[in-house]
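2 protein chains.
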Amino acid sequence: MSNQKLFNVAVVGATGAVGEQIIGLLEKRNFPIAELKLLSSARSAGTKITFKGQEHTVEEATPDSFKGVEIALFSAGGDVTKVLAPHAIQHGAVCIDNTNAFRMDPETPLVVPEVNIDKVSEHKGLIANPNCSTIQMVAALKPLYDRYGISRVIVSTYQAVSGAGSRAIDELHRQTREVLAGNEVTPEILPVGALPVKHQIAFNAIPQIDKFTENGYTLEEMKMVRETKKIMGDESIDVTATCVRIPVVNGHSESVYVELKNDYELEDIAKLLQDAPGITLVDDPAGQQYPLASEATGKPDVFVGRLRRDLGSSRGLNMWIVSDNLLKGAAWNAVQIAEYIAIGQK
Amino acid sequence: MSNQKLFNVAVVGATGAVGEQIIGLLEKRNFPIAELKLLSSARSAGTKITFKGQEHTVEEATPDSFKGVEIALFSAGGDVTKVLAPHAIQHGAVCIDNTNAFRMDPETPLVVPEVNIDKVSEHKGLIANPNCSTIQMVAALKPLYDRYGISRVIVSTYQAVSGAGSRAIDELHRQTREVLAGNEVTPEILPVGALPVKHQIAFNAIPQIDKFTENGYTLEEMKMVRETKKIMGDESIDVTATCVRIPVVNGHSESVYVELKNDYELEDIAKLLQDAPGITLVDDPAGQQYPLASEATGKPDVFVGRLRRDLGSSRGLNMWIVSDNLLKGAAWNAVQIAEYIAIGQK
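Protein chains in written order, with our numbering: chain V, 45 to 390; chain R, 45 to 390.
Check the hints yourself; a few may be wrong.
You can't tell identical chains apart in this list, so a pair holds if it fits in one copy or across any two.
[What the hints assert, rightly or not] Simulated crosslink set (DSBU-like; lysine-lysine; CA at most 30 angstroms straight-line):
hint: 1; residue 1: 273; residue 2: 305
hint: 2; residue 1: 168; residue 2: 242
hint: 3; residue 1: 343; residue 2: 96
Bear in mind the hints are in silico, worked out from the structure with no lab data behind them.
Please construct the entire structure, taking both the sequences and the accompanying hints into account.
Here is the structure:
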């Protein structure tokens, strides 16, 4: 990336789990940065963060923070994006938003670089980063869609607590210790911090992520339904989802049933995935090798395995998709978009 | 059960996790027992077990152990059933086998009392208890099948380690402590004790239960496919399964997508399940109530919730099915069959 134009970059939510990953990736990828602004809520302002050997002080994000900023990466909650992104855009920045605030806004591109990077050019100042569970699924579906077409997707997720923030990670650890010690646990955070009823996550499986919507699906499930159609650019794909939180710290797993529009050869599916950008195929039943959350953590790729044909429908295909929900599911996808904006390549 | 004929009952595998549950249920249900024989391998023989306040000594199971036995409950592995059940039958016993040895044998009824108790009468000395993950699913599917017909089932499981035996429970606890202490873990048992490759189960999701078969599905997945068709008595039902072990000690959860043969009303599905024997409906999204493994453990019922219509297909239905895999998934289902044989009612 030498001899490149350098950019003034802001990270909003710099002290959060995703913000930290974004800053780490900007450093690791040697992103062409002129000035880096680390922004947060008033509460976290003053935090010191080292970037490329230099100490930065996190500042409170305000409408005036974005003067001169050219690329702003938001991951501080939907309300923060709604309030501050218009100011950033007014100051000339392109915003990449990791929240749910604008994902379904028809004016806002919803981008997974491996699927629809071309949509970036349609932005009006803001590009939305999809939900973590959607990103890893559509990245794996795209090569199959292009070759065979997809009529329906039925997905059940096995989601890590890191997707619910650092307090949920603390809760899983705390509850696990209590159960091992033979004590009662008192759930405080999960399934949804803002809702009154709490359930034990240690040694349990909770079939609720985010609030329930009127049709009986949770918001997380509806995100998978709606975002998949928008990112794939095909409203005709039927998607149904069951989203479940399990006692894993980091790394989402997904059991995905896909119905293709045309007959397929399993070997060809494997080859398509092997050749696809951002995908690592791990599929060796004889060697007991398949994607695992424990192996995916810390890696940018989407891992796919357990490929097998539905025994009842010749166009049905089962697959197991695993990825680091904080990386490809959030920070890495956002930085990929930023790199495309900055240097015109994914 | 007073004034009933009393039976000589043998429990083979009396010191195992399922055997212990069977003995507990025989006591709790006040099963009409004349003499109780507790049998095991030579290694566990001599173990003392208290039944109704009386100490019993576990004896080594041999071909001669079954003299006078009228009902024999086997849960000591398929090889033990294959060797000893013929002797038990020769001595006049009816065998209820909890292993995989004879489940798909065309001569052997495969029974879930809520679904096909009538098949018991066709036995030729042996009745097979289905696989845990199948039992809880078909119990919930049966009332829907009877009313609407079922064309296909797509299931993803969230299975507890207790299904892999007490050594797997110990391994989950041990690994969890190691991870919390920041140490490396050395997997020794899971995913399959008899296979060479081991994976971490603590804070992970392993998409392998039992060995792989030639078609890329695991044996556990193929059990769900084949047993469901046999128990429901309908080979036309398409079933596909993804079976996953998660860090839960006890209680299997299942995300089940069902395609019915006819249009349905969601309220009617709820009512059917509410009225069905052995089913408890827990389905209150507004109150954040749904079945949980932590709540199902220790209870005989199959818990069903998260009922919602597929958004793409009007005959598609999603549900979340949870049950204690050692109880309804094994011991309780076997004791239900024994009760039917002994006193002619389920």
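We went through each hint and held it up to the structure:
1. Taking the closest pair of Cα atoms, residue 273 and residue 305 come within 30 angstroms of each other both inside a single copy (16 angstroms) and across two copies (27 angstroms).
2. For the homomeric pair residue 168 and residue 242, neither the shortest alpha-carbon distance inside one copy (40 angstroms) nor that between copies (50 angstroms) is at most 30 angstroms.
3. Taking identical chains as interchangeable, the C-alpha atoms of residue 343 and residue 96 lie at most 30 angstroms apart only when both belong to the same chain, with a minimum of 21 angstroms there against 56 angstroms between chains.
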